[in-house]
Structures are given as structure tokens and as C-alpha cells.
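Chains as they are written, first to last, in my numbering: chain A, 33 to 357; chain B, 6 to 361.
Read the hints as simulated data drawn from the structure, not as lab findings.
Cβ coordinates follow ideal geometry from the N, Cα and C atoms, glycine included.
Misleading hints may appear alongside valid ones.
What the hints assert, rightly or not - So the derived label-pair ranges between C-beta atoms look like this:
1) A:Q227 <-> B:S289: 31 to 39 Å
2) B:S229 <-> A:Y120: 18 to 26 Å
3) B:G84 <-> A:S262: 50 to 58 Å
4) A:Q109 <-> B:K37: 57 to 65 Å
5) B:N311 <-> A:A293: 32 to 40 Å
6) A:E146 <-> B:A95: 50 to 58 Å
7) B:T59 <-> A:G62: 49 to 57 Å
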Amino acid sequence: MEPRLIPLNAVIAMYSNTKTSWPRPFFEAGYRLEGLELPIRLADDSKVTADAIGFRRETNSFQMHESKSGANVEVAQAQRYFRASPTYLVTALSVTIESQQPLSAQTTYACLRENEERILLGLSEAKVNVPVLSVGPNDVTAVGAPIDDPVLRDLFANPVVVPGAPPGVITVDADSPDEEFDRVVFPSLVAAMAQDRENISMVALAEEALPYYAIYPAPYRGRLRKKVASAARRAAEADSQHLEYRPPTNAEPDGLIRILATPEQADPRGRTQQYQAIQGRLGGGNRRARRAEIEGQGNLFAAADLEQELDSAKPVANDDRGEEI
Amino acid sequence: MNRRTLENQFLTQGSAPWKTFVLEAHDRGEPKEFLDDVFGIQALGETEDRFLHTLTAEGVEFTIDTLEDRFWSFHTTSGAADANSYLRSAVARRRDLDFVWLPSAHLRQIQRATPPNWIKTDFRGRLILPLSEVQELSLTVRGRAAQDLLDLISGNSEFPYAVSLSQLGVDVTDSDLGAVVEAVNRLALFVAKGDSFALHQHVVQSVVRRYRGLVEAAESVAMSVDPIDSRLDQATLDGGGRPEGGPIELRFSRPLVDLDMFLDGLFSSREPFRLWGIVDDTVSEFAEVEAVDLHVGQRLRLEISNTMMRVHLRKGGCGNTVARLVSNLQHHVDGGLIATDESIQRHLDLSAVPAA
Numbered sequence: 033m034e035p036r037l038i039p040l041n042a043v044i045a046m047y048s049n050t051k052t053s054w055p056r057p058f059f060e061a062g063y064r065l066e067g068l069e070l071p072i073r074l075a076d077d078s079k080v081t082a083d084a085i086g087f088r089r090e091t092n093s094f095q096m097h098e099s100k101s102g103a104n105v106e107v108a109q110a111q112r113y114f115r116a117s118p119t120y121l122v123t124a125l126s127v128t129i130e131s132q133q134p135l136s137a138q139t140t141y142a143c144l145r146e147n148e149e150r151i152l153l154g155l156s157e158a159k160v161n162v163p164v165l166s167v168g169p170n171d172v173t174a175v176g177a178p179i180d181d182p183v184l185r186d187l188f189a190n191p192v193v194v195p196g197a198p199p200g201v202i203t204v205d206a207d208s209p210d211e212e213f214d215r216v217v218f219p220s221l222v223a224a225m226a227q228d229r230e231n232i233s234m235v236a237l238a239e240e241a242l243p244y245y246a247i248y249p250a251p252y253r254g255r256l257r258k259k260v261a262s263a264a265r266r267a268a269e270a271d272s273q274h275l276e277y278r279p280p281t282n283a284e285p286d287g288l289i290r291i292l293a294t295p296e297q298a299d300p301r302g303r304t305q306q307y308q309a310i311q312g313r314l315g316g317g318n319r320r321a322r323r324a325e326i327e328g329q330g331n332l333f334a335a336a337d338l339e340q341e342l343d344s345a346k347p348v349a350n351d352d353r354g355e356e357i
Numbered sequence: 006m007n008r009r010t011l012e013n014q015f016l017t018q019g020s021a022p023w024k025t026f027v028l029e030a031h032d033r034g035e036p037k038e039f040l041d042d043v044f045g046i047q048a049l050g051e052t053e054d055r056f057l058h059t060l061t062a063e064g065v066e067f068t069i070d071t072l073e074d075r076f077w078s079f080h081t082t083s084g085a086a087d088a089n090s091y092l093r094s095a096v097a098r099r100r101d102l103d104f105v106w107l108p109s110a111h112l113r114q115i116q117r118a119t120p121p122n123w124i125k126t127d128f129r130g131r132l133i134l135p136l137s138e139v140q141e142l143s144l145t146v147r148g149r150a151a152q153d154l155l156d157l158i159s160g161n162s163e164f165p166y167a168v169s170l171s172q173l174g175v176d177v178t179d180s181d182l183g184a185v186v187e188a189v190n191r192l193a194l195f196v197a198k199g200d201s202f203a204l205h206q207h208v209v210q211s212v213v214r215r216y217r218g219l220v221e222a223a224e225s226v227a228m229s230v231d232p233i234d235s236r237l238d239q240a241t242l243d244g245g246g247r248p249e250g251g252p253i254e255l256r257f258s259r260p261l262v263d264l265d266m267f268l269d270g271l272f273s274s275r276e277p278f279r280l281w282g283i284v285d286d287t288v289s290e291f292a293e294v295e296a297v298d299l300h301v302g303q304r305l306r307l308e309i310s311n312t313m314m315r316v317h318l319r320k321g322g323c324g325n326t327v328a329r330l331v332s333n334l335q336h337h338v339d340g341g342l343i344a345t346d347e348s349i350q351r352h353l354d355l356s357a358v359p360a361a
């Protein structure tokens with residue numbers, strides 16, 4: 033994951049519905065992640081797009097998150113967050129209000145530890161007093177203004193220890209370099225081969241490669257599609273045996289990928305070899321290690337009645353390794 | 006042919022034991038149409054019971070029971086090797102048909118009320134673990150103390166990872182239904198003899214029920230970010246998405262000694278994992294992999310360190326992918342792995358599930 037996307041994914045991870053080794057203080061405080069990339073309309077018809085928004089039902093509290101990929105604070109953007117109305121968030125996110133507590137919303141910034149000082153300075157110059165979650169390699173620490181919610185404040189009273197990179201939910205955006213697009217587009221093309229598909233449009237490929245593609249406004253989706261198309265073209269150039277890039281037409285304004293052949297048409301041994309060859313062409317396979325080939329598996333099992341019958345169901349040769357399941 | 010005929014066949018079986026294979030049909034349509042598509046209309050026959058179908062092909066005969074949604078029983082008295090081979094080739098051709106991949110605890114649960122007559126463990130990590138670790142461990146233990154012995158071995162602090170249950174045999178008795186002897190493997194092949202077809206089916210259904218719980222638990226946390234603005238005019242969409250689900254984290258019982266070798270084996274596109282992926286090379290002790298599950302042709306994201314694996318199953322993805330991964334990791338990498346999330350772990354180790 034690109035370092036600049038770590039703050040956003042750290043915020044998302046801290047709300048995770050499922051328990052992982054990554055801490056989730058927002059979830060534990062009763063917050064649930066209700067929205068990503070939500071444009072918030074303001075009274076003067078301007079808008080600010082929150083990267084993530086959490087809501088706690090018990091207290092009717094919203095947390096609006098601005099995740100900084102770099103070290104710069106946009107003054108106007110920071111000030112606009114303060115004009116966001118919790119009432120707007122209720123209707124935009126369709127959250128259910130059960131508690132008698134008044135609606136409230138607080139903005140929290142998130143940034144990489146190395147950018148913490150500059151972000152704090154930028155916020156100070158913008159006269160915006162908000163908490164900042166500083167994401168380091170080993171912890172997330174709340175700095176800047178105090179967090180309003182006392183439960184959350186307690187959970188961030190000390191650095192929250194993290195075990196490394198957060199789970200990756202939004203791993204590529206329109207500013208990502210080509211190789212990051214390759215990493216999500218190439219497997220999606222292989223999945224299309226495995227499904228025996230004949231063609232895949234760039235929209236379909238973008239939706240497959242970027243599961244969150246549909247949440248962005250049209251112009252941004254256009255930028256993503258363009259980069260997906262470039263990655264698809266690179267894939268077709270790298271593996272012309274299986275893939276062909278068709279340039280844009282009226283019917284397919286973003287171009288099209290034709291799947292010329294799929295390993296699924298081969299026998300199991302040939303199929304595996306073809307997938308491995310594609311792996312080599314598209315990404316060098318596992319770029320780390322190669323292990324020695326080891327053949328043969330013994331069968332220690334004795335025979336008797338039902339047991340023997342069960343054993344006889346073992347595959348003769350599975351794939352090209354004689355490995356049994 | 007009806008259910009009574011099937012029962013009579015079970016009760017009067019000759020020298021060839023009764024076999025029941027369970028397959029997962031990841032299709033929500035009409036079973037008959039799906040079966041026609043998989044096996045060919047000529048091979049299939051109708052019966053009096055709309056959930057029962059006959060299948061005759063390549064010298065094997067099955068009666069397929071589709072009563073249980075999604076998990077179908079293929080009964081046969083044909084030879085297990087031929088029957089297995091035929092079904093394996095059908096599964097290999099399809100991305101919407103799969104075996105049932107029982108985690109060790111699901112196998113063990115079959116005999117929770119009665120000690121097994123025999124147990125086999127079969128840990129095969131030779132292609133994925135270095136020589137410094139236990140690469141293979143196959144044990145056959147006979148007698149009612151078999152489980153106690155295995156518990157002793159897997160309770161050893163150093164090698165619990167090398168104990169992976171693969172088969173067991175058990176006498177099942179029920180005061181109302183009768184008695185059956187069952188031999189079961191981790192791909193949910195039941196070989197049975199006895200005086201009660203109902204009891205045999207009850208054993209199968211109990212296993213399927215528990216397995217369904219695991220598969221559906223995985224699917225319940227499948228990840229998605231759906232647009233908040235659902236207007237049909239895509240060009241005017243304002244943006245914003247509602248996230249659902251979360252990753253499933255599996256924790257190894259001990260740190261993997263050679264992460265690179267593990268990754269190489271895991272993403273080799275080979276059986277049994279059949280995962281395709283390009284492993285990043287940016288951080289030596291942590292890998293992010295955008296992968297393809299070649300069994301079903303679906304994308305998934307995996308994040309792997311030497312202590313854990315996080316699986317990002319996508320919404321619409323098959324929970325069987327997670328069950329298969331768990332079962333194969335237990336069999337090839339770590340028999341002692343657990344899920345970090347308690348709601349998933351409950352369906353893995355069946356700690357809160359009553360005995361059948």
C-alpha cells in the first residue's frame with residue numbers, strides 16, 4: 033500500500049466490523065462507519081468531501097474524517113468542515129436517530145507520523161482546532177485538540193499500538209502510479225480468464241479491479257477508468273497470447289479487452305502451467321523466492337473395509353504435483 | 006424412485022458400502038436446470054420426488070438429493086474411486102460447484118458424543134514449509150483412545166501445527182433411529198453401513214448445518230462499498246459510499262519460519278490452494294496480494310505476515326473460498342490456526358455448537 037493511503041485505511045480499520053489484530057477504538061466506542069467519500073453540502077451550496085464518516089447511535093455523534101495523504105492543509109477545506117451540519121449528515125447517510133441526545137459532529141484529521149508537525153502547523157494557521165490522529169509504524173496517537181467524545185478520548189489517552197500496516201480497503205486512487213493500477217487490474221483480467229469471459233469493458237474492469245469505484249463522482253471515475261485502461265493495455269502488451277486491447281469506439285468509448293485464450297481450456301496440468309506463465313509475464317510471480325521441486329507423496333494407510341473404501345477415493349494425480357487434497 | 010426406494014437401497018447394500026458425497030452448488034436457480042447444465046441432460050433422470058435426481062455416467066450411478074439448499078448429497082454404491090474421479094472432474098469444470106472443505110473441528114464434531122474407532126491425521130506441508138519445521142505428519146490411531154492421544158500430541162507446545170485431522174471412523178447409535186458406522190473424510194465423503202438411512206442422513210445433515218454456518222458467517226462479513234446515491238443517471242452521481250463487512254483474520258499458532266517459501270507455495274496456482282497472485286516485494290515481513298481464487302474465478306485480497314493472514318472476501322464472493330482456504334491451511338501449513346474474530350472462530354472450532 034502506498035504510504036499516502038495509510039491514514040485513510042487506518043481510519044477505516046479503526047471502525048472494522050470484524051476483529052483483527054489491528055485495533056478498532058472507534059468500533060469499541062460504539063461508532064460505526066456510515067460513509068466514505070461523502071460530499072457534504074453546506075448552507076452556501078459549497079461542499080466538502082469527507083473521506084470517512086462514523087456515527088455513534090447512543091450519543092448521536094458524528095466523526096468526520098479528513099485523511100491527509102501528504103503534509104499540506106487546505107485552509108478553505110478545513111474551515112468548511114466546521115460549517116457541516118449534523119442534520120445534513122443524518123439525511124445524507126440515512127442514519128437512524130434513537131437517542132434523545134443532541135446531534136453533534138466533530139472533524140478529525142489523520143496523517144502519517146512524518147507529516148504530523150506540518151499538519152498541526154497548517155491547521156493552526158487556518159485557525160482550525162481539531163484532533164489529529166498521527167499514524168506511525170507502531171501506533172496511532174491523538175494529537176492537537178482534544179476529542180469531544182469522552183469514551184473515544186479515553187481510548188486515545190495513550191498511543192494505540194498497531195501491528196504494522198492497516199488492512200487495505202482503498203488501496204489505489206486516481207493519483208496512484210501505474211504499477212499500483214497494474215497490481216489490481218492484472219489479477220482482475222486473470223479472474224476474467226478464469227471465468228471464461230470473452231470480453232471485458234473498461235467500466236466492468238474498473239468495477240472489478242476497484243471495488244469502491246462506484247462511490248466516486250463521474251469525473252473522478254473517468255480518471256480512474258483511464259488509468260485502468262492504461263493498465264489493461266500494458267497487460268495486453270505483456271501477454272498478447274491471452275489478451276488483446278481494443279481501442280475506444282463509439283460503442284466502447286474507453287476501449288475493451290478481448291480474452292483470446294484462457295488456461296481453463298487446457299487440461300489440469302497445462303492449466304496450472306499457463307497460469308504460472310501468465311504470472312511470470314504480468315508480474316514476475318512471487319518476486320521473492322523460489323523453492324525446490326519435491327515429488328511424490330507416500331501413503332501410510334492400512335486397509336480395512338470402510339476405511340479402505342474411503343482411501344480409494346483419493347485422487348490419482350491432482351494437477352501436476354501428485355499432491356492430494 | 007423415491008425416498009423409500011433410496012432407503013431400501015441403503016439397507017440392502019451388498020458388499021459395496023454406501024457413499025454420500027456432499028457438494029456445494031453456488032447457484033440460486035432451479036436445481037434441475039443446474040444439474041442438466043453440469044452433467045448433461047442425457048445423464049440425468051427424474052424421480053417421483055422433485056428433489057431427487059438420478060445420474061448415470063461413465064460407469065457410476067448417483068442419486069442426487071437437492072433437498073438441502075446449496076449443499077447437495079450425491080449418494081452412490083459405485084466404487085468410491087470412480088465416483089470421486091467423476092465428481093472431481095465436474096467440480097474442476099465449474100466455478101459454481103465445489104467440494105465441502107471441512108475444517109478439522111468439523112470432522113472432530115462428528116464423534117463428539119461417541120469416541121471414534123479410528124482417526125487419521127495427514128499434515129502435508131512439504132511443498133510450503135522449510136525443512137526446519139515438521140513438513141509432514143501422518144498418523145493412524147485406532148481404538149477409542151485415539152482422540153486422547155491426538156489431543157496429547159496437539160497439546161504439545163511446539164508442534165500443534167502439524168496435527169490436522171483428515172479422516173475418522175465412528176459408530177453412531179440412536180435409541181430411536183438405529184445404528185450406522187460412518188467413515189468420513191475432510192472433503193465430506195461419508196462411507197456408511199448400518200440399519201438406519203435416516204440416521205446416516207442425520208449425520209450428513211448435521212455436518213452440513215455446521216459447515217453452512219461457517220460459510221454463511223464468512224459471507225456475512227464480505228466487504229463492499231455501495232454507492233449512497235443510487236440514481237440511475239451515473240453521470241450525475243455525487244459520490245459517497247456505504248461500507249460493509251470487514252476482513253477475516255486467521256492467526257497462525259506459531260510464526261512461519263520462511264514467509265517467502267509460504268507465499269511461493271500459496272500463489273503457485275497449483276492444487277490445493279489454486280490461488281493466483283502477484284506478491285509485492287516492498288516489505289520483507291508483510292505481503293499484500295491481490296489474488297484470484299482460481300477455483301471460482303473470483304478476486305480477493307490477502308494480507309499476510311508470518312503470524313497472520315487477512316482475507317478480504319468481496320460481497321457476492323463465496324464463503325466456501327474461506328472454508329477451503331482454512332481447511333487447506335490446516336492441512337498444509339498450520340493445524341492450529343484460529344480466526345481472530347470470535348464470531349468466525351465459533352464456526353471454526355464449533356465451541357458453541359451443540360453435538361449432533
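Whether the CB-CB distance between Q109 of chain A and K37 of chain B falls inside 57 to 65 Å
At roughly 59 Å between Cβ atoms, K37 of chain B and Q109 of chain A fall inside 57 to 65 Å, so the hint holds.
Between E146 of chain A and A95 of chain B, is the Cβ distance one that fits in 50 to 58 Å?
About 55 Å separates the Cβ atoms of E146 of chain A and A95 of chain B, which means 50 to 58 Å holds.
Starting from the range 18 to 26 Å, see whether the pair S229 of chain B and Y120 of chain A falls in it by beta-carbon distance.
Taking Cβ atoms as reference, S229 of chain B and Y120 of chain A lie about 24 Å apart, which means the hint holds.
Quick one: are N311 of chain B and A293 of chain A within 32 to 40 Å, going by C-beta?
holds (37 Å)
Given a hint of 49 to 57 Å, does the C-beta separation of T59 of chain B and G62 of chain A actually sit inside it?
For G62 of chain A against T59 of chain B, whose Cβ atoms are near 56 Å apart, the range 49 to 57 Å holds.
In this structure, is the beta-carbon distance linking G84 of chain B and S262 of chain A contained in 50 to 58 Å?
holds (54 Å)
Range hint compliance [Cβ, Q227 of chain A to S289 of chain B, 31 to 39 Å]
holds (34 Å)
Hint violations for this structure: none, all hints satisfied.
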